[in-house]
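Letter by letter, the chains look like this.
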Amino acid sequence: MKAAGISRALAIHALAKELAPVEGNELIVALARDFQWIEPCWVVMPHHTGEMPAPENLLPEMRKNGVRSARLFPSLHGWRMNEYGAGELLSALEAACVPALVDLDQTNWDEVDQVCAAHPALPLVVVRVTYRIDRTLYPLLEKHQNLSIEISGYQPHRAIEEIAGRFGAHRLLFGTGLPVFEPGSAVGMVTYAELPRDQKQMIAAGNLESLLEQAKP
Amino acid sequence: MKPLREMALLGRSLSGEKVVDCHGHLGRWVGFHVPRCTAADMIATMDFLGITAVIASAHHSIGPDFIMGNERAARAARENPGRFFFYAVVNPNYPRVESLAELERRSREPGFAGVKLHPDVHRQPANSEGYVAAWGFAHERALPLLSHTWHGSQFDPPAMFRGLAEKYGRATVILGHSGGSPEGNGESAEVARQCGNVLLDICGSQHHYGALEALVEQVGAERVLFGTDLPFIDPRPQLGRVLMSRLPDEHKRAILGLNALRVFSLKL
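Line by line, the protein sequences give chains A and B.
Going by numbering that gives the first Met the number 0, the first sequence opens with residue 0, and the numbers climb by one from there.
Going by numbering that gives the first Met the number 0, the second sequence opens with residue 0, and the numbers climb by one from there.
This is chain B alone, in the form it adopts within the complex (with noise of 0.2 Å):
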């Protein structure tokens, strides 16, 4: 078995290995061009790089509809089961019983693997009243839950999600993007140290010198997930900062992919 490092010197498929990416997206984004942004055409990218499986959220969800959002992610993980998985979006803008009932109906179908916020884009803060139902249930179903973060943000401060996890314990806290800056990754440790139940997303499209190691170094690779945010970003960047990094195979492979089978319960 070749050192990951050199696998990517090389441009080697992983298909060898279980990686997993933690936080992906589906279809096209209002601001901005996301080339090739279907099902099919991340499917085609994985196999490429030797990616096993994606966890995403449609942007639908994210933007205008979640509804129309959830139904096409949900389609996706149908018509690709084992490679594509999906997480169940809320906006807190709608009526508690709105998003309670699309949470429910949508746990039902194969390949939910959890719940997504992103308070950032719904402009309202992670702990409001808008979200209860959707911390309600992850907590009640022992669900990971995956919420966009970013430091200094009125709506998802790393900070914020302390109280959180702590209120619904029985819920898996993954903190996306760990805050994006260096001083988010800080943040993002300090609540994971405090919070047995709060996991680090590693996905983002700054990745600043030493920040992977330093995150490991303050949680434990066990607590830290690979996530890329295909395709609204491609994940070849993301792959080469872990494969290249500074951390043992044994890390790498923890945070690439062996972590989230663990945290998603997925036998792949």
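The shape of chain A in the complex, shown without the other chains (with noise of 0.2 Å):
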């Protein structure tokens, strides 16, 4: 992170996604605890099972840790990002604005659209997209300004200054996929980009911080 120029970053604990949200919870907010650049993000799900708070009660534990996002695995926790299966988590976290990220390869559009328009106060960020998206996100972020995207797998020639131009900087938020990924990709896709240096900066970092900033778990 040093070496690509990158000063923090929302992290979710491999564990939290890979085995049991409420294991790896607690290990991202004990490491941003020793590591002053970690942003504890935590993996969420519906508490019907039991085996995630209530809504009532996560948001207050989510405040009480330090955690402003949520990140969603929809698919491979075997949930559906819809009304019966997650309303009253989309709700809560609409509710206090805290932002939901979502990988692609965990939801489809039509889900994203539905939650969207359910829950329109609830900033939704679509993360490792691809470059092959446009006829579909184009109509999703004119129809949902509470619709953003994660742009390290958002590759499409000149991507950034369409998205910029077209529905505004505002709408993109750098991420780089580390440690899976390179973060040298996404960097370059930032600084290289032919736009004004405070859009820049918007991707780069200030359009995540104010999310961050508006949420109130």
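Hints were generated in silico from the structure; no laboratory data involved.
Watch out, some of these pointers could steer you wrong.
[To be verified] Label-pair restraints from in silico Cβ distances:
#	chain 1	residue 1	chain 2	residue 2	range
1	A	P119	B	E221	54 to 62 Å
2	A	A117	B	N126	47 to 55 Å
3	B	P247	A	T48	50 to 58 Å
4	B	W28	A	K1	32 to 40 Å
5	B	L260	A	G77	46 to 54 Å
6	A	E208	B	L9	18 to 26 Å
7	B	L260	A	E208	42 to 50 Å
8	A	E208	B	W28	31 to 39 Å
9	A	L18	B	E221	41 to 49 Å
10	B	R122	A	A117	37 to 45 Å
11	B	Q153	A	N107	22 to 30 Å
12	B	E189	A	N107	32 to 40 Å
[Said to hold, decoys possible] Pulled from the structure, derived: some chain B residues nowhere near chain A, Cβ distances all over 10 Å:
#	residue
13	S14
14	D64
15	I66
16	P109
17	E139
18	Q217
19	E249
20	F263
21	L265
Please read all numbers here as calculations on a predicted model, not as lab measurements.
Note that beta-carbon positions come from the ideal geometry of N, C-alpha and C, so glycine has one too.
With the hints as a guide, bring both chains together as one complex.
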């Protein structure tokens, strides 16, 4: 990160994704205490089985632990990102303006559309998208002001400039996919973007910082 | 001269360097939006980033009409001398005589740089009968031949190219995407270690951490070529990946352009 000019990172613990959210969430909070560059993010899921606190308890837990964002893995964790599956959870995150991040391979664009429509104040960030999505992405960005994307996998020609020009630079968030993917790829997308410096700064940090500052879990 | 990593952090143009994109395209594509995909658009992006030249094949060729695509690519090369070079694509589903006639014709045009195969899209194995004319042509004329390769594909897994590289030993065989995945990278490196006329192209959208350094460790920086898929994919991620890798600048410069100058006999 240091070599790539990155000073802070929104991070989940691998255990929270790959085994059990509550176990990994505890670990990322502990790591964030030791490493100031970590902005801890919790992996959350619906509470119905008792594996995750109910929303009225989850949000205070997040606040207590300095957590201001949530990551969702509905496909991997076997739940549905719709109203019967996650409506209460999403409503709670929405009420607290807590940004929810979901990988594209964990959901689909119809679900994204439905979640954005049902929870218009929920900042929803789709991460690890691909370069083949514009024909679906553009109408959704136009329809839902609460939708944004993380850029590391978003690599169409002049993609950053196109989105900034059509929808505004505030719809793009810098991310790398570290430690699985190279940080230099995403850094190059921002540093070499043909955009004014203030818009590059928004994408590199400002947009995410704004979302986190607005979150009141 | 600033370290290349610093150039990337500052977003500085590489206009003082030799940067050659050995894996470009041209035009629209069927399955998704390709913003700004004309030769002029590509040159504008290259100007901004400081990319010296691109060697490209047209999407029309990889898609429905290889002759129309080759014509478009040849025209772009004619109109942008020294910046835009082209591969002639053959479609193995057409008769051998048509492939050969097309290669003969294109090879006489300015900016012709070699032969391109895309077995996955054309749905014919790289070692199938339909490609014999292309392999023979590249071998007889000692040309670079770039092929799409993908780990696990039935049409172009990297390992399929070992026999081809041996049989057509005068051709310089470039494994496009180096097989794609980390597994494909390993498979490609193995082929390159066995065949001295095989080089690896790093073009792709998934840049796994440390994969570039691993390729260089396995085959040497002089066997690795910079490719981006422009305008199918933006060149910035690939540029950032190379510039900010943990390789010495000498290796970065070889990968970014010096190797391509040698392989394609370019004087830029």
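Hints and how they fare:
For the pair A:P119 and B:E221, the supplied restraint of 54 to 62 Å holds, since their beta-carbon distance comes to about 55 Å. For the pair A:A117 and B:N126, the beta carbons lie near 53 Å from each other, so the given range of 47 to 55 Å is met. At roughly 53 Å, the beta-carbon separation of B:P247 and A:T48 lies within the given 50 to 58 Å, and the hint holds. Against the hinted window of 32 to 40 Å, the Cβ-Cβ separation of B:W28 and A:K1 comes to about 38 Å, which satisfies the hint.
At about 53 Å, the beta-carbon gap between B:L260 and A:G77 stays in the expected band of 46 to 54 Å. For the hinted restraint 18 to 26 Å between A:E208 and B:L9, the CB-CB distance of approximately 22 Å keeps it satisfied. Checking the proposed 42 to 50 Å range against B:L260 and A:E208 shows it holds: the Cβ atoms sit about 44 Å from each other. Between A:E208 and B:W28 the C-beta distance comes to about 36 Å, which sits within the given range of 31 to 39 Å.
Our hint of 41 to 49 Å for A:L18 and B:E221 holds, since their Cβ atoms are close to 43 Å apart. The given range of 37 to 45 Å is respected by B:R122 and A:A117, whose C-beta atoms sit roughly 42 Å from each other. For the pair B:Q153 and A:N107, the supplied restraint of 22 to 30 Å holds, since their beta-carbon distance comes to about 28 Å. A C-beta distance of roughly 37 Å is found between B:E189 and A:N107, which places it inside the suggested range of 32 to 40 Å.
A cut-off of 10 Å between C-beta atoms confirms that B:S14 is not in contact with chain A; the least separation is 13 Å. Distance to chain A confirms B:D64 as a non-interface residue, since its nearest Cβ pair spans about 22 Å, more than 10 Å. The non-interface label for B:I66 is consistent with chain A: the shortest C-beta to C-beta separation is roughly 25 Å, beyond 10 Å. The claim that B:P109 is not at the interface with chain A holds, since no C-beta of that chain comes within 10 Å of its own (minimum 25 Å).
For B:E139, the requirement that its beta carbon stay farther than 10 Å from each beta carbon of chain A is met, with the minimum near 36 Å. B:Q217, annotated as away from the interface, keeps every beta carbon of chain A farther than 10 Å; the closest lies near 17 Å. Distance check on B:E249: its Cβ is at least 18 Å (rounded) from any Cβ of chain A, clearing the 10 Å threshold; non-interface status holds. Distance to chain A confirms B:F263 as a non-interface residue, since its nearest Cβ pair spans about 23 Å, more than 10 Å.
Listed as outside the interface, B:L265 is consistent with that label: its C-beta sits roughly 23 Å from the nearest C-beta of chain A, beyond the 10 Å cut-off.
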